[in-house]
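**Student:** Here the sequence shown is numbered in UniProt numbering, starting from 1 and rising by one per residue.
It is possible that some hints are incorrect.
Stated by the list, open to error - Below are the DMTMM-like pairs computed for lysine to aspartate or glutamate, each with C-alpha atoms no more than 20 Å apart in a straight line: (1) Lys387 <-> Asp337; (2) Lys306 <-> Glu286; (3) Lys172 <-> Glu224; (4) Lys98 <-> Glu88; (5) Lys186 <-> Glu168; (6) Lys186 <-> Asp207; (7) Lys453 <-> Glu391; (8) Lys71 <-> Asp89; (9) Lys172 <-> Glu205; (10) Lys306 <-> Glu248; (11) Lys165 <-> Asp148; (12) Lys98 <-> Asp68; (13) Lys186 <-> Glu224; (14) Lys172 <-> Asp105; (15) Lys165 <-> Glu205.
Stated by the list, open to error - Pairwise CB distance ranges, derived in the manner of DEER restraints: (16) Arg441 <-> Ser380: 34 to 44 Å; (17) Ile457 <-> Glu312: 12 to 22 Å; (18) Leu182 <-> Leu64: 28 to 38 Å.
If you're looking for bench data, these hints aren't it; they were derived computationally from the structure.
It should be emphasised that the depicted structure is a prediction, and the values quoted were computed from it without experimental measurement.
Heads up, the beta-carbon is just placed ideally off N, CA and C, and yes, glycines get one too.
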Amino acid sequence: MKRVLITHKASLLRSAFLAMAACFITAPGLAFAQDAPATNSQLLDGIKAGNQVELTLPDPEKQLPLDDLRKFTEVFSRIKAAYVEEVEDTQLLESAIKGMLSELDPHSTYLAPKDYEKLEESTSGEFGGLGIEVGMENGFIKVIAPIDDTPAQKAGVLPGDLIIKLGEQPVKGMGLEEAVQLMRGKPGTTLTLTIMRESESAPVEIDVERAVIKVTSVKSRMIENGYGYIRLTQFQAETGEQFTNALESLREENSGNLDGLVLDLRNNPGGVLQAAVATADALIDEGLIVYTEGRIQSSRLRFSAKEGDLMEGTPIVVLINGGSASASEILAGALQDHQRAVIMGTQSFGKGSVQTVIPLDETHAIKMTTARYYTPEGRSIQATGIKPDIEVKPAELKELDGRPFFTEADLSGHLVGQDEESGSQDRQSAPEDQAGSMANRDYQLRSALNLLKGMHILNRKGTGTAQ
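Taking the hints into account, I'd like the entire structure generated from these sequences.
**Tutor:** Structure representation (structure tokens):
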């Protein structure tokens, strides 16, 4: 067994009900980005106040399967009477509720009072743990994406890794919520992840030290004169506003406008739906961004863009990969359907369902899948994902040494060109690549930048600047 020791500190695995990159609705009837809660505490207060959703449900007494309920009561009574150890009624009932929800799909779950605190952590971006987004697959814990700038990412944890052991405990048959609790722990303590990876013939062990850190959801910089780069690591409540501010800062840095923008959604597992809508709203002039369809009326929502494109049609390339899920796919799908951006990279995760938090009382709730979301053109992303317009797989960039070409200027007595400096036959070496070192290391980013340059050249020629 191969063993890799990593002693860096890490951020935490997100709470159980967001760990599968769930895109959830935070208030009833939201149709526009500006209606999203202003703070994370408002998100939490909405759940505690019981006004998260407005559901019209059938009378349960008319729907109850009496024979099955008798069977449930019989099993309950036999456990109480004959199980080897005494079991509290509350424990049995809550386990039954958890079982009902977990059997529906990987995203539906029961929320005990402590889970409200986890919800606030996950939407504010500050939490402690390992720094990876996870879900369930075939009884194992699957890494959706490592969170940016965490030791889990630096250790080399990759999207698609299967965690088969947490410490000394096998995860086969373990529930997602139970696995999350094992990953949590006191900052400074270490947890060993045993993972299986397609490229490895044997399990790999990685030791990661738990810690509490702050995750920044929006990062931006200029990668070359005229070309901006914005990285969205996840969608938190304030991500839409932060994206707009970052975009304005890049425009100001480049004298008021950009020649192109790379929007990086790789390994972004999703988050708050309204944040993705707000980001799309900033880039789409008008029209539908996303809509949801479910069995109940309150799960049928439409989110539309207000008039105005902050970039005024400037070319955009969006980078996605298998770690791009949920809200990331909503944004990429909207930009693709509106032909507002070129989508580049590899196929996304394919998480196209919406979870709604439904309060049961002041301290308990369930998170249940209530709808599927669709792109403006009616595409369902569930289990299929977003397919890039241009597929570009990760690759290592390496400059190859080549022999210099023999050109006209090397010929003795050649005819002097109009732009050739007289009196000097020495050819000047080509200027070094001026792109940022980040683009030089990242093949997909380099490809996106080159595409933007080509689009800018064509747009310039289209305006008739060449004489």
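**Student:** Between Lys165 and Glu205, is the straight-line Cα distance small enough, at 20 Å or below?
**Tutor:** At roughly 9 Å apart (the allowed maximum being 20 Å), Glu205 and Lys165 satisfy the hint.
**Student:** Within a Cα-Cα threshold of 20 Å, do Lys387 and Asp337 meet the stated pairing?
**Tutor:** Between Lys387 and Asp337 the Cα gap is close to 12 Å, so the pair holds against 20 Å.
**Student:** Would you mind confirming whether the straight-line C-alpha gap from Lys186 to Asp207 stays at or under 20 Å?
**Tutor:** At roughly 15 Å apart (the allowed maximum being 20 Å), Asp207 and Lys186 satisfy the hint.
**Student:** Compare the distance between the alpha carbons of Lys306 and Glu286 with 20 Å, and conclude whether the hinted pair is satisfied.
**Tutor:** holds, 5 Å
**Student:** Given the hinted pair Lys98 and Asp68, is their alpha-carbon gap at most 20 Å?
**Tutor:** Cα-Cα ~17 Å, so holds.
**Student:** Would you check the hint for Lys186 and Glu224, treating anything up to 20 Å between C-alpha atoms as holding?
**Tutor:** violated, 42 Å
**Student:** For a C-alpha distance cap of 20 Å, please report whether Lys172 and Glu224 respect it.
**Tutor:** violated, 48 Å
**Student:** Verify the proposed pairing of Lys165 with Asp148, using a straight-line Cα cut of 20 Å.
**Tutor:** With Cα atoms ~23 Å apart, Lys165 and Asp148 exceed 20 Å; violated.
**Student:** If you draw a straight line from the CA of Lys98 to the CA of Glu88, is it 20 Å or shorter?
**Tutor:** OK: Lys98 and Glu88 at ~16 Å, within 20 Å.
**Student:** For a C-alpha distance cap of 20 Å, please report whether Lys71 and Asp89 respect it.
**Tutor:** Measuring from Cα to Cα gives roughly 17 Å; hence the hint holds.
**Student:** Is the straight-line distance between the alpha-carbon of Lys306 and that of Glu248 20 Å or less?
**Tutor:** holds, 18 Å
**Student:** Does the hinted range 34 to 44 Å hold for Arg441 and Ser380 at CB?
**Tutor:** holds, 36 Å
Violated hints for the displayed structure, listed by number in ascending order: 3, 11 and 13.
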